[in-house]
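Number of protein chains: 2
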Amino acid sequence: MQRFVQKQALKPSTFLSPVPAVMVTCGDPEKPNIITLAWAGTVNSEPPMLSISVRKSRYSHGLIKKTGTFGVNLVSQGLCWETDFCGVKSGRDLDKFQATGLTCVASPTLKIPMIAESPVHLECKVRQVLELGSHDLFIADIVGVQVAKSLMDHKGTVDMRKADLVAYNHGEYYSLGKILGFFGYSIAGKDVLKRRRRT
Amino acid sequence: MQRFVQKQALKPSTFLSPVPAVMVTCGDPEKPNIITLAWAGTVNSEPPMLSISVRKSRYSHGLIKKTGTFGVNLVSQGLCWETDFCGVKSGRDLDKFQATGLTCVASPTLKIPMIAESPVHLECKVRQVLELGSHDLFIADIVGVQVAKSLMDHKGTVDMRKADLVAYNHGEYYSLGKILGFFGYSIAGKDVLKRRRRT
Numbered sequence: 001m002q003r004f005v006q007k008q009a010l011k012p013s014t015f016l017s018p019v020p021a022v023m024v025t026c027g028d029p030e031k032p033n034i035i036t037l038a039w040a041g042t043v044n045s046e047p048p049m050l051s052i053s054v055r056k057s058r059y060s061h062g063l064i065k066k067t068g069t070f071g072v073n074l075v076s077q078g079l080c081w082e083t084d085f086c087g088v089k090s091g092r093d094l095d096k097f098q099a100t101g102l103t104c105v106a107s108p109t110l111k112i113p114m115i116a117e118s119p120v121h122l123e124c125k126v127r128q129v130l131e132l133g134s135h136d137l138f139i140a141d142i143v144g145v146q147v148a149k150s151l152m153d154h155k156g157t158v159d160m161r162k163a164d165l166v167a168y169n170h171g172e173y174y175s176l177g178k179i180l181g182f183f184g185y186s187i188a189g190k191d192v193l194k195r196r197r198r199t
Numbered sequence: 001m002q003r004f005v006q007k008q009a010l011k012p013s014t015f016l017s018p019v020p021a022v023m024v025t026c027g028d029p030e031k032p033n034i035i036t037l038a039w040a041g042t043v044n045s046e047p048p049m050l051s052i053s054v055r056k057s058r059y060s061h062g063l064i065k066k067t068g069t070f071g072v073n074l075v076s077q078g079l080c081w082e083t084d085f086c087g088v089k090s091g092r093d094l095d096k097f098q099a100t101g102l103t104c105v106a107s108p109t110l111k112i113p114m115i116a117e118s119p120v121h122l123e124c125k126v127r128q129v130l131e132l133g134s135h136d137l138f139i140a141d142i143v144g145v146q147v148a149k150s151l152m153d154h155k156g157t158v159d160m161r162k163a164d165l166v167a168y169n170h171g172e173y174y175s176l177g178k179i180l181g182f183f184g185y186s187i188a189g190k191d192v193l194k195r196r197r198r199t
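Taken in sequence, the protein lines are chains L and Y.
Residue numbers for the first sequence follow our numbering, so the first one is 1 and each next one is one higher.
Residue numbers for the second sequence follow our numbering, so the first one is 1 and each next one is one higher.
Keep in mind the hints are simulated off the structure, nothing from the lab.
Mixed in with the good hints there might be a few duds.
Note that identical chains are pooled: a pair holds if it fits in a single copy or bridges any two copies.
In the DSSO-like style, the derived pairs of lysine-lysine whose C-alpha atoms are separated by at most 30 Å in a straight line are [to be verified]:
1. Lys194 - Lys125
2. Lys11 - Lys111
3. Lys162 - Lys178
4. Lys178 - Lys89
5. Lys194 - Lys89
6. Lys11 - Lys162
Could you put together the complete structure from these sequences and hints?
Quick look at the structure:
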């Protein structure tokens with residue numbers, strides 16, 4: 001780690017990394033849109049909440065303001081091309097579901113358009129909007145979660161390793177690599193370490 | 001991707017993934033603390049801003065409220081053990097710099113305690129605090145950025161691949177795996193694709 005000690009100051013910028021890459025869905029199920037965002041994060045545990053930041057100029061900004069709802073669709077490796085495409089094209093110019101061949105389904109709780117092929121759906125209801133500058137921050141309650149059955153074992157335990165999720169790092173999409181540890185491994189006893197190593 | 005289509009509803013929870021794992025530093029440089037957070041994200045581009053969510057009960061919560069500043073230290077694979085340790089131990093009970101052997105340095109702009117071994121430092125100044133429930137959301141301006149010289153080439157271009165960053169996915173720490181594409185690759189011309197493939 002000594003190789004990182006010598007530093008150089010740069011102009012302040014958005015250097016936090018890695019960040020998620022998610023496809024956010026919005027609008028009516030009859031006229032849905034998809035926008036890819038990396039400025040997204042969990043902000044509260046109880047109740048579960050997340051935030052997304054969207055530029056005012058984006059087509060989806062108006063749709064989310066209007067309905068007060070949006071969907072977060074997690075991105076697996078097989079959806080990487082579609083994710084990039086939905087981040088560089090505007091829903092003003094084309095129907096992104098049609099252009100990508102992705103399947104639109106209405107979510108069970110809030111009837112938000114969702115991407116059927118995504119491994120995890122989060123139904124979000126906007127609680128507050130903060131104008132920060134270039135972006136508006138939408139803080140939302142997570143009111144519904146649907147997970148692919150193929151990620152669950154017979155007991156209903158979710159194994160997110162099977163979701164093959166994508167991370168975004170400084171302009172590039174990455175697969176997740178090797179597992180380095182689990183939460184608490186630095187103070188775990190030998191028994192726990194042995195049991196976890198088997199999974 | 002068909003394997004993800006069949007879904008099952010779960011109790012709403014914080015399912016957004018992957019998320020960053022960062023070591024947040026706070027307090028006086030003479031009595032500094034480190035807290036590991038995954039509830040962190042970029043929230044604005046111009047001016048550059050990020051947010052972190054911290055439980056009120058955490059020792060660092062009071063320190064950040066008092067100074068109005070904190071540091072974000074990005075986490076490379078070589079810091080994974082220390083990152084986990086700083087997420088499960090409290091600064092009320094021990095000096096985490098001493099316990100981990102990490103080196104504390106004062107940041108150039110705001111004199112925030114930073115972790116010398118981290119590849120990237122972000123100096124943050126709190127703009128607003130929102131009480132959301134279990135967590136308080138600290139929205140902050142990024143007023144200083146320092147990057148390890150070993151991540152830069154002779155022109156000063158930063159290569160974040162060399163930072164070996166860690167992502168957090170549903171309770172586990174991961175390395176970043178293979179590069180799946182770059183922002184805009186889905187609509188890039190042949191020339192661009194060819195040039196990028198060489199890097």
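Quick rundown of the hints versus the structure:
no.: 1; hint: Lys194 - Lys125; verdict: neither (42 Å within a copy, 42 Å between copies)
no.: 2; hint: Lys11 - Lys111; verdict: between (43 Å within a copy, 17 Å between copies)
no.: 3; hint: Lys162 - Lys178; verdict: both (13 Å within a copy, 16 Å between copies)
no.: 4; hint: Lys178 - Lys89; verdict: between (33 Å within a copy, 25 Å between copies)
no.: 5; hint: Lys194 - Lys89; verdict: between (48 Å within a copy, 22 Å between copies)
no.: 6; hint: Lys11 - Lys162; verdict: between (39 Å within a copy, 20 Å between copies)
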